[in-house]
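S.K.: Assembly of the complex is requested from the two constituent chains, each provided in isolation within its own frame, with the hints serving as guidance.
Chain order of the listed sequences is A and B. The first sequence begins at 1 in our numbering and counts up by one. The second sequence begins at 1001 in our numbering and counts up by one.
These are calculated hints, taken from the structure and not from any lab test. Honestly, I wouldn't trust all of these hints.
So the derived list for chain B, only partly shown, Cβ under 8 Å to chain A, looks like this [stated by the list, open to error]: (1) A1002; (2) G1033; (3) K1042; (4) R1044; (5) K1047; (6) S1077.
EDC-like, lysine to aspartate or glutamate: derived pairs with alpha carbons at most 16 Å apart [what the hints assert, rightly or not]: (7) B/K1047 / B/D1020; (8) A/K176 / B/E1053; (9) B/K1057 / A/E266; (10) B/K1034 / A/E180; (11) B/K1042 / A/E180; (12) B/K1098 / A/D188; (13) B/K1047 / B/D1078.
So these bits of chain A aren't anywhere near chain B, every CB distance computed over 12 Å [claimed, not checked]: (14) T56; (15) F58; (16) R79; (17) S100; (18) R102; (19) E129; (20) V133; (21) K136; (22) D168; (23) Y172; (24) L184; (25) L191; (26) H199; (27) E245; (28) Q290.
Here a beta-carbon is modelled for each residue, glycine too, at the ideal position from N, C-alpha and C.
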Amino acid sequence: MSKNWEPTCNLEILHLRAQLLDKIRRFFSEKSVLEVETPLLSHSCGTDPQLDFFKTAFSFPPLEESLFLQTSPEFAMKRLLASGSGSIYQIAKAFRNGESGRLHNPEFTLLEWYRVDFTLTDLMDEIAELLTVLLKDYVDLSEPQRFSYQAIFQRYTGLNPLVFSYQDYCDYAQTKNIPEAITLCGDDHGLWLDFIFSHHIQPYLGQEALCMIYGYPACQSSLARINLFDSKITDRVEVFIKGIELGNGYYELTDAQEQSKRFDEEMAVRQQRNRPSSVKDWRLITAMEQGLPECSGMAIGLDRLLMILTGSVAINDVLSFSIDRA
Amino acid sequence: MAIYSTNEFKSGLKVMLDSDPCAIIENEFVKPGKGQAFNRVKIRNLKTGRVIERTFKSGDSLEGADVVDVAMQYLYSDGEFRHFMVPDTFEQYQCDEKTVGDSSKWLKDQDSCTVTLWNDAPLSVTPTNFVELAIVETDPGVRGDTSGGGGKPATLETGAVVRVPLFVQQGEIIKVDTRTGEYISRVKE
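Isolated chain B (complex conformation) (with noise of 0.2 Å):
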């Protein structure tokens, strides 16, 4: 694998730090005019999601890391492991539940995400920005309120709960930013 130094610590590069595949986020280049010269890196750790600041002295280098998007289908959920598929080659992946982490909520069987490896090995999965999923329980809303002030909870057919507004009712579509968890929209069908 390539050796990075700090001096190409670019934001997304992605480098091994502590046997941890990182992301590089911001890398800020600190020198006393008469002193030492510093690189003060803020670092994603891509396993845990954990966000640090870590220091290095300027032209130290760190190996790159072997980690790679991949766009996939997932598949289904065998109850221990969820699969993945890689639609132009059927090469198929399986996550535990740990790496799949919260994006689970968000996983519908067919829908496309992203799978992030490392080494081959998924590391972690990531919904798209926009998801559609029928609400399978919420209260029923009052007639004639448009506003979308206040909200009540739905529970999601993927077992997400989101917040829509009082008109929106059981068995309906929404679309919602897996970002942020917000509700957006009602989708025709």
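One chain only, chain A, in its complex shape (with noise of 0.2 Å):
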């Protein structure tokens, strides 16, 4: 066994970590917005297939059952949101199986809020005030700026994001010397996207400033709504800093019936791609029965935020201890 057992990050990322940790308890507490804490483990669990979660073994003799870490605490906290807590939010881990990397640990700690009544162009408001609250006086950042995806990707390589042409798409990989993507991708447009935008667009979004992008494809978001007056879009946001992808947020989706069916159509290609199958959430399906509140909800990752405060290269750098040392 390996013997390192000193911390990954230095001693002055912890102090860091405390200040952030109370500069967003001062920030939601003067909105009076409410801390909650719910359950790390579930009896079900996100169905997103490109997610893949931790799946525990829970004994109470004679009682034998699976138990899943949590990918995101966004559906319990839905649930206390139908229940009528109003706006809440919640300084929670987060466990993502397969996930490791510079800018991954399988174990993470995300801010996750919901804000009852708030538009997506009102919680873009909001997370641009509390990030520039945070990011003050460590990073040097111009105003914030918002883009629609359809604008950064057609500015970045000229392609139309919502209408898939795969001759355009395939040309695109010949110039930009990506001829694998060709192979990679085919005909599955989102997966184009992923690629894309991961590798020619996001590394230069938020360079100078917290970037915001808006309006994501249909194709690309499981629990946002559909833009009223455009279909091809979703009421969807992206936070992005020095190429970093820092968070994700929805003008949330509140019919339970187009919900679940979301949800099973994501079980099915799951099962397509042969992924561990997951346990579809009955509680926040009824609970959205019962009534989700108008909301908009976003998440970010606190872990990648530090390292945008203090510049460090990887997310080992402020963590206490990474998933290899844990």
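M.R.: Below is the structure:
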């Protein structure tokens, strides 16, 4: 066994993290948003085909059952919203299996908050306000930017992300010297968008300012609402600073039937791809049937935020103990 | 040969890509929060020496390449091929000039070097980091110059041309860093 017992971050980072948490709590307390705690262990889990979960064994003889570590506190928080909690936030650990790298640790800290009666625009205002407070004194940034997904995609690639033209996408891959994209993505529009966005757009976003991208293509979202005026896009926002994806937010879907349908579709995709099958969260569906208030919600990775605050290159540099030392 | 998945793409791993043996240089995990996970990999083609970037879907795999570095002794050149020998086993290998490439200008008979074998055939030759070679031709130096500033070209016994300080004379043996082609020092015999 390795004897690496010391923290992966230096001790100043511990202080910085504590200050960050303190500022977040003050920010929401001043706005009367309630801090909540929800279980990390759950009987059900997310269905997102792109996320893998940790499964644990709960032994309580004669009872033996599987419990899942949450990939985000979203479902439990929505059940609180449906029960009338009003606007809430939470600072919690989230767990994603199979994710480890320079920007990923399988266990990480999320700030997740939900604002009742907020539209996506209201949410973006608040994201900008919060991040400006948190980054002030650490990172020199100009005024926050907002671009639609379509505008930013077109600007960097000349391609239309909302209408899939196989030929145009292939031509782009050839000129950018990424021919592997053609075999890798095939006719999967969503995969093409992931590939091109993460390799050829994201690295340039937020170099000078907090950058918010909204209006993601309809094929790129599971829990956001389809835009009222344009069914090709969803009311989803992502935040980037210095090329790092910091978080994701939605004008939340409130239609229980639609939600249940999307779960089923995603579970079918999981089965197709031979991913571990997930357990549909009926409690969330039931809560939504009771009525989820109109709301917008956002999740921000606090470890990555700390990376940006400190100019760190790797997530390990801001964790007390990264997974290899945990 | 073993199969390696993207998670196992560590720096130095030898794999087959587009039918060529390659070495992994860097492997970055790229995953949008709500999207497909990729591995963006920097790879050196061991045949051409070229470095390329290639993206894989996380979980994809490549076949390992049977590539090994073997310490050998350079024997001689017969004009067409250069001959090398594994000192322990006396096993001999021959390489054409193309395979030896730029390394040829540092190879002196009997010197040791590293020969990279792919499926037991030479793929490339790497000289030791430092070699000691005699100067066969250089302009007479200026007496009293010991600074090493400026310098002059000197042709070595293997044909390599390096810049040496003005005080270094023809016939002397010098130590050279083969990675940079830079003069290090004179060698006292």
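S.K.: Against which earlier hints does the structure fall short, listed by number upward?
M.R.: 1, 3, 4, 5, 6, 9, 10, 12, 13, 17, 18, 24, 25, 26 and 27
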